[in-house]
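*Asks:* Residue numbers (this note's numbering), protein chains in the order written: chain P, 27 to 312; chain E, 27 to 312; chain C, 762 to 1019; chain D, 762 to 1019.
Bear in mind the hints are in silico, worked out from the structure with no lab data behind them. Since we're looking at a predicted model, the values are computed, not measured. No residue lacks a Cβ here, since even glycine has one placed at the ideal position from N, Cα and C. Worth double-checking, as some hints may not be accurate.
[As the list claims (entries may be wrong)] Derived CB-CB ranges, DEER-like:
(1) 69/E x 917/D: 37 to 45 Å
(2) 70/P x 811/C: 28 to 36 Å
(3) 162/E x 959/C: 40 to 48 Å
(4) 948/D x 230/E: 33 to 41 Å
[Said to hold, decoys possible] From the derived model, a few chain P residues whose C-beta atoms are all more than 10 Å from chain E:
(5) 36
(6) 43
(7) 69
(8) 97
(9) 122
(10) 124
(11) 126
(12) 159
(13) 167
(14) 290
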Amino acid sequence: MSDILLADADALAAQVPDGAKLAVFKAEGGCAAMAATFALIRRGVRDLHLVTVPTSGLQADMLIGAGCVATVETSGVTLGEYGQAPCFGRAVRSGAIRVIDSTCPAVYAGLQAGEKGIPFLPLRGLIGSDIVRHRDDYRVIDNPLAADDPIVALPAIVPDIALFHAPLADRFGNVWIGRHAELKIMAHAARTTLVTCERLHDGNLLQDETLAPATIPEMYIGAVAVAERGAAPYGVTGLYEDDAGRLAAYAGMAKTEEGFAAWLEETVYGRPRIGVRGMAPAVAAE
Amino acid sequence: MSDILLADADALAAQVPDGAKLAVFKAEGGCAAMAATFALIRRGVRDLHLVTVPTSGLQADMLIGAGCVATVETSGVTLGEYGQAPCFGRAVRSGAIRVIDSTCPAVYAGLQAGEKGIPFLPLRGLIGSDIVRHRDDYRVIDNPLAADDPIVALPAIVPDIALFHAPLADRFGNVWIGRHAELKIMAHAARTTLVTCERLHDGNLLQDETLAPATIPEMYIGAVAVAERGAAPYGVTGLYEDDAGRLAAYAGMAKTEEGFAAWLEETVYGRPRIGVRGMAPAVAAE
Amino acid sequence: MAGDYALEELLIATVAGLLEGCGHIAVGVSSPIPGSAALLRRHRDREAGRRTRVSIIGTTIPAYRTDGGVDLFDSAGQGRVDAFFLSGGQIDGRANINLVGVGEGYPQQKVRWSGSFGSAYLYFMVPKVILFRLEHSRRTMVEAVDFVSAPGTSPPNVHRPGGPYALVTDLCLFRFDRRRARFSLASVHPGHTVGEVRDNTGFDFDIPETVPETAPPDAETLAVLRETVAPDIANPYPNFARRVWGARGVSGGVSGAA
Amino acid sequence: MAGDYALEELLIATVAGLLEGCGHIAVGVSSPIPGSAALLRRHRDREAGRRTRVSIIGTTIPAYRTDGGVDLFDSAGQGRVDAFFLSGGQIDGRANINLVGVGEGYPQQKVRWSGSFGSAYLYFMVPKVILFRLEHSRRTMVEAVDFVSAPGTSPPNVHRPGGPYALVTDLCLFRFDRRRARFSLASVHPGHTVGEVRDNTGFDFDIPETVPETAPPDAETLAVLRETVAPDIANPYPNFARRVWGARGVSGGVSGAA
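All chains should be built: construct the whole structure from the sequences, respecting the hints.
*Replies:* What follows is the structure, given as structure tokens:
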């Protein structure tokens, strides 16, 4: 059963076809699959419909800057304390990408509808927001169980692929996600799920009573590849921290297209294929 | 903060008012709060609206037999391999209780609507079932995002109290539920949650990276009481097994009202208040 | 029972045949024969180099498990469950099933069973639902059920990727034609006759000109059942395994609820 | 800044005053002043024998945490979050907020910000939403926002248990009257004037005849901030704590993302 285990992040990225609806997880907590993102850019993926769950940072910004994205459906793309996401801003302003503005709980609700196999999920709030006004896939309906009670019906989000980084997986393809329960929703909603992990667990995660509750069974997983420091320059809780120098360096360099190209060169193209590890020390900050 | 920690299952049961909408968890996996159920019967609670999540066995059958229940909303009450639930059957046939028939995923979906604070959740299936025909709180609506696509809208289920047994809790009121993720949904949907647990964890469950993912934070918990063997005669995974002799004894005795009264006498009333432990060996099976 | 195999072994082999091509087979509670059939199917597929997943609710074995809770229903909604088993206190000729009760005046019927469980959903969502009922009589196989826990068929505008595929009893195997909403007798178990099936069935069904005998399990199948399936199914169903296969069925398994 | 306290300390104390009576205060990302105010509120309530919960997204401290994911939004939907903070690149006089961009021709506006995050939901569901914006100018306080990420008010038939309660800037404190959909100046921070507020605000608002000065933090409050709040808030915001409170703010906390 270990054909589910791939050699590296590049082998994983090879499984993402051009044009895929790809769901990626927010950067906080270290579950953004950055090594796989570098590999996606190296492989030259095109026309992605990116769904950020519910937001993104460096990951979406780099994919957009590298020309991999046709559409981004998001509640926010930001570098957080390092500032606005420069490639995202440029691409939206120029019309180079289509942006579908959403709001965090609507992204979750859409994925939960996908997870349950229902066509839509109603959600409170939202009414009167310009988000709703610009979304022709939302409907304001009457709550069928009460009088004069409008509510927004959100269509199910069914990504072709969910992509994230996890602290732990096993040889059977089971993936331990720790506190990030939203990754389960992503995996359930998506047609398949690709995962990089820090390391492999000996034995079967589903047979460990303390780890099984936060484990996504292999049934949902298309492929797993080990990528040590695979979230860097973001950190992973309890394992390594955000690389503030690298994140600040990106925020600075990506302000211009030339700077972004230089970043790609040194970070994505200019490295050995399995050289994500140790990247941070090798390239000094700003 | 340890006023959340009560002395025993009887103190916990005292917090369930007559007439409460009480959600209880299925017996499999040992999360049925049996010690607390015995205490509820001792306290003489009345007029419960019992919601079984999604089914129940001995727990619902005893509460019904003891006259604690006005309404039961359920996908099934059964003693499983020990046979039909005798008190449930008698009470439904005689009209002593109101039964609201449901189906497992509809119970979950109703609780998930309660969890999300939405008035209803649509669910596939169900159409054409006599369940729908007899539920005046369900509506078959048109999917607002597609033509000619009927779907059932299920109202949110918001229990006054969720009651279950857990392997572990801590002094702050955080509760570890292991694999039983549905208990989170119950706790989120209910106004408050009462929990018996096998034992107390030293320290704070939320600060343990491997236990936190399956922990319900104290914010959702009204009170916790330690009840060793609190699921007996059901078992708890990894701790103790179903007491087949006691379950078979119940199935036999409860076939008549006299037998059920004798069961109550020896199991519920005839014991010291904190005497749930060791119950099984004290009373021999059939 | 006929010859050198048990009725249970015949039924397991028959059901395993129906499960061909199912990538993920889920089995509910109290279903030792369907569970054994799913394990036999998985074994055969593995021998043929195919990966088949089996989820038996309430057990930690085999490798893929579901807790039978939200996950099971959601994964069926996602189209990730290919086969499931349902039964009924009553089953009628349109494959409607009744798990609630017998008699007029619902809810105060003269017989009350446990309830509909997940049938009203899974019957719609799982492509291949196999009905399984060991008591084949006019009491169970009725013209019209007294309560429709889950309907056998739906109008064309109702989203329904799944539904009934076959009905297996202690007497015979029926196939179900969803378009015509009608059962057809596919085979009669050794030792029984078409007439016996007709006499014990309360609904009309199609009877082809020749009705074959249900194929008995061959020696290889029996060996797999006794050596491989028995110890696995003894985990959730120790009593069943002991009754059908004796000590062999229990020695290899981990008994009880653990 | 005025006298022997920092502007941040004034703002923290002001916001903490607004949070009175909130049993559960949630704080989003990049919100060190609201976070500190919530911790100050919790400290005061604890001294008074009341239990107040604080959830700061992205930190493991204090004791109650949320991951800022589905749980946060669902618990707000359940009515379990009493106070939250929002900001806006633009805020207008009807308390509409804009986190998306500036200019005509959405989506190709001349300035594009990150996006609306959870505002379009939490603004409806949390009873006491405090708007917080440190740059008080005609660029940020506008007559009408260019994109409504979340509206300040809703028609009466829209389910809306929550909404804007106050707006805190570097110049002043506004209260918001939901019925009239209008801000009213509640106090002006020491060192600033009503005229300065008016000159820097692009929307109309009510000005009472006498507008008090925002009360500066007293010695006891400053002591609590410096001894108790500083080390706690240094966990999610080490740079902020270091800037406002120097080494004191960092020594007690656990720095970084762990």
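*Asks:* Now tell me, hint by hint, if it's right for this structure.
*Replies:* A quick look at each hint next to the structure:
no., hint, verdict
1, 69/E x 917/D: 37 to 45 Å, "44 Å, holds"
2, 70/P x 811/C: 28 to 36 Å, "34 Å, holds"
3, 162/E x 959/C: 40 to 48 Å, "41 Å, holds"
4, 948/D x 230/E: 33 to 41 Å, "39 Å, holds"
5, 36, "30 Å, holds"
6, 43, "26 Å, holds"
7, 69, "33 Å, holds"
8, 97, "19 Å, holds"
9, 122, "29 Å, holds"
10, 124, "20 Å, holds"
11, 126, "16 Å, holds"
12, 159, "17 Å, holds"
13, 167, "5 Å, violated"
14, 290, "34 Å, holds"
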